[in-house]
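Start from the sequences, fold in the hints, and give me the full structure.
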Amino acid sequence: MTAIASIGTAKPATNQSQGPSPGPGDNDRQTGVSFGIPDLDRHLNGGIWTNALHEVRCSLARDFACAAGFALGLAAQFGKPDARRIFWVIDPAASVDSGLPFPDGLSEHGIDPKMMVFARPITLRDALWSADQAAKCSDLSAVIFQVKGNPKHFDMTATRRLMLRARESGVLVCVLRQSGDQEASATATRWHVEIMPSGPDPDFEPGPGQARHVQTLERNRHGRTGQWTLSWNPENRTFEDGTPKAQTAHRVRRIHASADRPDSPAEVG
Amino acid sequence: MSVAFTHLPTDRIARLKWGKSWILNARADSPPLAVTDVENNAVRIVAHEAYAARFSIFRGQALSDARALVPDLECHTRDRAAERSLLGSLAAWCERYTPLVALDGEDALFMDVTGCTHLFGGEASFVADVETRITAQGFTVRVCLADTAGAAWAMARHGTGRIIARDQHIQAISSLPLAALRLDTSVVASLGRVGFKTIGCIADLPRAPLTARFGRHLLDRLDQASGRQDEIISPLMPVAELASEKRFAEPIVHEDDIKRCIGILAGNIIALLERRDLGVRTCEVKLFRVDGEVQSLGVHAANPLRDPDRIAGLFHERLGRLHSDLDAGFGFDIVRLNILQADPFNGDQHDLVERKDTGERYAALIDRLGARLGTNRVLQFSFADTHIPERRFALVPVSGRDGKTDPDQVALPRPSRAPTRPLVLLERPEPIDAIAQVPDSPPSRFRWRKVVYEIARSEGPERIACEWWRDGRASLSRDYFRVEDTQGYRFWLFRYGLYDRETTRPNWYMHGLFA
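Protein sequences, first through last, are from chains B and W. Taken in order, the first sequence gives residues 1 to 269; the numbers are from my numbering. Taken in order, the second sequence gives residues 1001 to 1515; the numbers are from my numbering.
One or more of the hints may lead you astray.
Said to hold, decoys possible - Incomplete in silico selection of chain W near chain B, CB under 10 Å:
#1 Leu-1086
#2 Ala-1363
#3 Ala-1364
#4 Leu-1369
#5 Arg-1372
#6 Asn-1376
#7 Arg-1417
#8 Ala-1418
#9 Gly-1512
Stated by the list, open to error - Pulled from the structure, derived: some chain W residues nowhere near chain B, Cβ distances all over 10 Å:
#10 Gln-1171
#11 Gly-1195
#12 Glu-1293
#13 Leu-1297
#14 His-1316
#15 Thr-1420
#16 Arg-1457
#17 Thr-1486
These are calculated hints, taken from the structure and not from any lab test. Think of the CB as a built atom: it goes at the ideal place given N, C-alpha and C, for glycine as much as any other residue.
Below you can see the structure in the form of structure tokens.
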């Protein structure tokens, strides 16, 4: 599955696009940091801006883990390098549906759970304030702002403010939107995450293997949009191209679908 | 100093009925008030208004008799909890005079005012101030200031003086009846039978026979009243190590004024801290209202602070959180900053714009978030050594670790492309309907949250046995499976109970999702 170019609003790939000039106090992140995947980097015109606001969106509540994995991957690979802490703002409405990060799972994903800090505000206003304060603090590596749906007060002004803060402090700010629709905002990139069947597990054939996701870049301020299959490499803490090479969907012995039908009446005679 | 509220139960009801200033406004024309309770299997009057005494109503009188005398007597049943809380709030308010305020029984307070009276222009004006303010709030009160607590107690209830001069207390109480010594009624009665009526009678008697006849307690009380033995008064609120306060002739109402005042107090207290080489960890601001209520705002810092702007900034956030709940009433006339916990201060705190000192800005962020959201809402992981997944970790407040943020050392799994633990764990395992081959197979299909999932791949079981020492021997083991459905979603679900060995009908639960 190769990249599908220019879904939706295509931006012409101009050569001058380093984007808007960096603000004062910007610590030399003028070119983006590359993903390591040539096609993706081409679309991003060099790479992803690390001192900016990004959004990761998923449509269904059960996709939350995939979206969280992608957001944490972005934070791990592209967060501010000399800092290590990741700050997560929990949305109380969301955690009932989807749960909270599990430290053992975080550790297997390549993220040190001792470096995670959570804020659990009650109102959206407090949540926006917390994200704002955290984005200003340059001792953090990344800020993940979890939000459910498309609340009214999280609008263009709020996202613009977060973008400016991220630019000044160098922190990567990521909005993790669960069960939300597309919404115009001041983010540098917006990603939509969907699940795909996983790759083969070399150690155990019938088991689930390395995860693969379809990432759709829906909005790209500094380049074109597109769609890629990526998988996360926790040991190197980088994203890799996840296109499946050979499909070996080995299935487990399954009970026939008629197993849950009532017993057929015994024949007479 | 002893402050005795002689009619606390009825005063409480009178305040509710007629407003706090019912004493100042001359009592409304209404039937007398009394408070009743069940004593000795009869409903008796335990408290009555001063006004009711005119009608020959007294304490201990049966209600039926009282009703016979005064048909329209207004009675209320005694509410001890409300009275206790009222006394507590009175004690909190009396902290404006001294931090050493203690409850005394059910209707009185002790205040240790050594060294405080000069602030009010002498003892006489101090006592007058206390009396007028408390009366203005609607309580009948009798106060007495003396060298010892026992003498003050005695004089307040049974005597007539309000101030006993220094070293005059023994003389002053010698004419008071023996009940003024806080003795049991039986002891008083037996002393009366022998012929002793006043304190002066027994003050000079030989001590050994008194003890032998009437018990140790009598002598203790005598000594406490005369000052030979110290009486320990434990204050109600913890006494702050350092405090700085500001009194206003004209009460302040606006939030900006309060913020500015807090800034001034923080600046004042820094000098004291510097002399002792300490930094602030926990402090609170108490705002005393004119009409008797006290508001308290607390703030906690992860590292010791000595910068007045930062301390004031934390209180600004705290005030911001309280915004609509801060009711100034008629204004605050005393603002006090108490330092509750101060630790040795290490390192300078200049105004860093941006420099190497990492962790500084992070600590400031944590403090600010804690002040605004509450310290129990800024969390990090803490780990426990157990196999049960949901018990392996907890989210605990960040600042509750003495400034260090190193959690316990528990072995965490290494990064792996095929993770065995989910990235996201549900708050509670959710029951699912699953079909699986017995005894040990993974499910082939299951239904979760009304959606059916068909399993394409799976791995397991991973058996996590119960913790029988915590949950009891009847608890069941879990067999965890990592399953992937045809679309690619990967789940972590478990079967609760081994088939046929632990239960005949094991249930299936969904616990987490993989990335």
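Check: Which hint numbers does the structure go against, in order from smallest to largest?
Finding: 1, 15, 16, 17
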